[in-house]
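Given chain F, work out where chains V and B should sit, using these hints.
So the chains spell out like this:
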Amino acid sequence: MNDDAFKKRGVDYPVVMGERTLPGRYYHSQEIYEEELEKIFYRFWIYACRAEEIPEAGDYKVIEVGDESIILVRDKTGNIRALFNVCSHRGTQLCIKPAGNFKSKTIQCAYHAWTYTLEGKLIGAPLMKEGPGFKKADCTLPMAHVHNWEGFVFISLAEDPLPFEVQMEALMGKFKDWRMDELRIAHHIEYELNCNWKLILQNYQECYHCPGVHPLLSELTPFQSARHDYSKGAVIGGYMDITKERGSMTMDGEAAGPPVCNVSGDDLQRVYYYSLFPNMLLTPHPDFVMFHHIVPRGPGSISNNCYWLFHPDVIEDKKAQDRIKSAVDFWDLTNRQDWQVCEQMQVGTRSKRFGRGYYSSQEDILIALDKEVLKALGHELPE
Amino acid sequence: MNDDAFKKRGVDYPVVMGERTLPGRYYHSQEIYEEELEKIFYRFWIYACRAEEIPEAGDYKVIEVGDESIILVRDKTGNIRALFNVCSHRGTQLCIKPAGNFKSKTIQCAYHAWTYTLEGKLIGAPLMKEGPGFKKADCTLPMAHVHNWEGFVFISLAEDPLPFEVQMEALMGKFKDWRMDELRIAHHIEYELNCNWKLILQNYQECYHCPGVHPLLSELTPFQSARHDYSKGAVIGGYMDITKERGSMTMDGEAAGPPVCNVSGDDLQRVYYYSLFPNMLLTPHPDFVMFHHIVPRGPGSISNNCYWLFHPDVIEDKKAQDRIKSAVDFWDLTNRQDWQVCEQMQVGTRSKRFGRGYYSSQEDILIALDKEVLKALGHELPE
Amino acid sequence: MNDDAFKKRGVDYPVVMGERTLPGRYYHSQEIYEEELEKIFYRFWIYACRAEEIPEAGDYKVIEVGDESIILVRDKTGNIRALFNVCSHRGTQLCIKPAGNFKSKTIQCAYHAWTYTLEGKLIGAPLMKEGPGFKKADCTLPMAHVHNWEGFVFISLAEDPLPFEVQMEALMGKFKDWRMDELRIAHHIEYELNCNWKLILQNYQECYHCPGVHPLLSELTPFQSARHDYSKGAVIGGYMDITKERGSMTMDGEAAGPPVCNVSGDDLQRVYYYSLFPNMLLTPHPDFVMFHHIVPRGPGSISNNCYWLFHPDVIEDKKAQDRIKSAVDFWDLTNRQDWQVCEQMQVGTRSKRFGRGYYSSQEDILIALDKEVLKALGHELPE
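In order, the protein sequence lines correspond to chains F, V and B. Note that the first sequence covers residues 186 to 568 in this note's numbering. Note that the second sequence covers residues 186 to 568 in this note's numbering. Note that the third sequence covers residues 186 to 568 in this note's numbering.
Okay, chain F solo, but in the shape it has when bound (with noise of 0.2 Å):
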């Protein structure tokens, strides 16, 4: 690709003057990853699972957040918990498959039979007489916090977090015509990368990069229809035009089924980037939507699953079937597109000669990316 890619849209915006990005140490330091951990993973709203994933109670789902192992589990009455995966006694692991029911609607420990309610309260210790030093009442499993925005259920390891609303400001009231909650996952792809969980973050958030990367994306968004709507902290959102009349983001540009509930008016038109700092990317189009769930293994390695959601009218309809792989084939595309790149970028950032780029004002919204998270870990860069 060269330059007239970008001039042929007339776009040449000045330089955000003096903007540079993070020193590559923060893409590779075992040391800041470990407080990244320790003061935005176990301590912010993060996403966790589809309430639809855990429909029945006793179903589960178990969840990694650094060193920490999560069970989100449906209670007798309905809610969702969020129990540490570990038993009071000798601390073992309590589940090990991924995700499944707890027939029983207790939790047991499979080394000494300790048993604990869905609620994570200890109900059988066996052999265990209560007395000073073991009260079963201080044995109640570890919990975290629990919010379910429109079926997506997010949880906080912190003992005392940030209301949900307050870090989610840009959430409350947004996409109520798409009613999420009725949504189901229609597909979901793993991928494994080797790149630090900020570069998929930053990849999402700029389309400076689209021209060259994404052809097809571009094809169907230019990406000078970028637009933002929403920027505070780090939840940033934004939105690109889809040209072509009742299109969307798929191979052939068609929509792959009709919009979603009471969608309607320039939504028609339009995709939807909102980065949920830390761990999730939300992208409501008008026929579904796709979201991302980024969970990171090391500095330089994390799992991204991608979830495509629709309608249950369209995953019932044998016919639909053809239009949901293409809204799939075109974000898994997408998807590696990026993943190339990133992973790219993964690995230039070691240079020692790498001296901090300047950034483009196109990639603005970078900026207050980074300044978030060095604001978390309380460090300050020289300029």
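Keep in mind that a hint or two might mislead.
No copy is singled out in the list; a pair is fine if it fits within one copy or between any two copies.
What the hints assert, rightly or not - Mimicking SDA-like on lysine to any residue, the simulated pairs with C-alpha atoms at most 20 Å apart in a straight line are: (1) Lys537 - Leu222; (2) Lys537 - Gln215; (3) Lys282 - Glu528; (4) Lys537 - Val480.
Because the hints were derived from the structure by calculation, they are not lab data.
Coordinates of chains V and B only, in the frame set by chain F:
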């Protein structure tokens, strides 16, 4: 399994007040692991091999202890030597095969042909004249101390170890009736496990987990029958009753052979469990002896070598092979049940929210074990 | 092999008094390894590639040096450039293929299409206007210094390296008769080895190990014939006599081809061994040139690339292929013998009980080599 499995056995000990487990970092920290090598594995008497594995002059077996590699070799006078597997010249590893025979009755370095006797004395250094700064007598291979107890070869890498009889006081005069030096290895299985070495010792020293984890074992030897008959420092022993008359630990609960040598009286209905801290677990049955040799590979990984010793008459008896197999199969099954929960405990204890649980009275030996580790390391834990 | 193999050659030097090997940690410590990268590999002139590998404008080869990746590229004027493989914008790695040709005669970053000339000058940064804080002229790719000696391309990552002629004084005016810039790569083997880079240099600089390790080599070139003809700092050279008239280092000891270019006189019966510290070993024979390019990957692992250079006439001669193969086979055999003992030395030197051995007089060059390493690192060892 539900609580009834415990309750119907009618046992309900009061809890040991105030005694808590080790913090999770004792199973995960690289630093603590290296300290354990230094202060435990490089100092204590540790199990190395069976004397029968190197019966003839020149026979050798190589074992790993942390960063050290040791050659156990039978010298010309029939003594067993424990030589460090490292040439005094440039530090080259002398033996690369795990076992063999030095046909020349000398050990020659592959690099520059320096040659040592089986006693570790340098007798050949081609092209090098003795003189100030180089004397062959100064280049004898470093050696570990060796002690043969009933055919089990123990070594100590310490310059000046405690007398074997002091560290292993529990063994003195014990198990004479088995005449274990006459027994031979009938079978061997090596397990590679993802857990800390201490979890294996802990697992071995309590039967609180038996009803849930080992249904078959619990049938053959009720867990309430467990008794200690020795406990001093880290060497801890006990036994359990074999319910069936002339039974043993086999798939069908029948003995795998006649009583070993002079075993008689109560010992005919008992299985003993002796934990020879830090790296051996000795389990004499009336009809055979099973033992484990634990080789730590890192904070979270070990090799665990399980051996079955039988009397040579049984090993040579074609008709007895099925019975040997039944003993091997029983313990292989039981081992794998244990490895599963040990590995789950390894994973779970990574959690920062695991805050040191309370031991049950069934696990009182583990308190002694933990204390021995802390004492060896010179660590004190806050209450 | 017994001592007689040495003795019958009638050589028995007195030991070099008091000179001892490096402590084992110099082969295992991650910290020392990183210091070596910093103070040796990122500062000294190091071998990078053969000029013939990138003959045309736009041809490139990528090499790794510690954390750095360097693009060796032929520019439009025929000069070879050594550009850091990292975009000045966000730090993305520019080239991911190990070699190729920039058809456009520009280097374009895959991420945001920043474009550089083959000289590293930024000529395209789409959508970015120059202004305070961003000037294209400030975004030229970092470059390493380049020196072409007889077709061997050396680079230095230092800002201000020693003159090539000072570091490589040993080479000045040496080996002119081979006209090595006219030679071409006939064969290449890459070996992945589990040993420290210094062990390969040490191994190359003494033939004390030859009688035992290399029976065939010792037959062709008696180890007693080894002579130094240069030794200053870390660049050390010498030669050995080829016994057979018009012989060479091949499987049958016969020359692999006619003498290279102008080689004549004594050089017809010699094989030279020049150690171009830190990463190249140059071995000119009368009829071909063999060399090694050592790429450190960590304290205990390297890639070792072995090349065989022949005159183009020989390479193009169908009938000569068997002879080339004989030279390749000889050195492949000899290499593997060396790798085996180097890897054994790597393992053995982990032992805490290896207490720095004494060098023999046959290994006096290794003393110089160790001292050069210590000097570069600024380390002093206790006596």
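Hint check:
1. Lys537 - Leu222: Answer is between; shortest inter-copy Cα gap is 12 Å, intra-copy 25 Å.
2. Lys537 - Gln215: Classified as both; 16 Å inside a copy, 18 Å across copies.
3. Lys282 - Glu528: between (30 Å within a copy, 14 Å between copies)
4. Lys537 - Val480: between (27 Å within a copy, 18 Å between copies)
Checked against the numbered hints given earlier, the structure satisfies every one of them.
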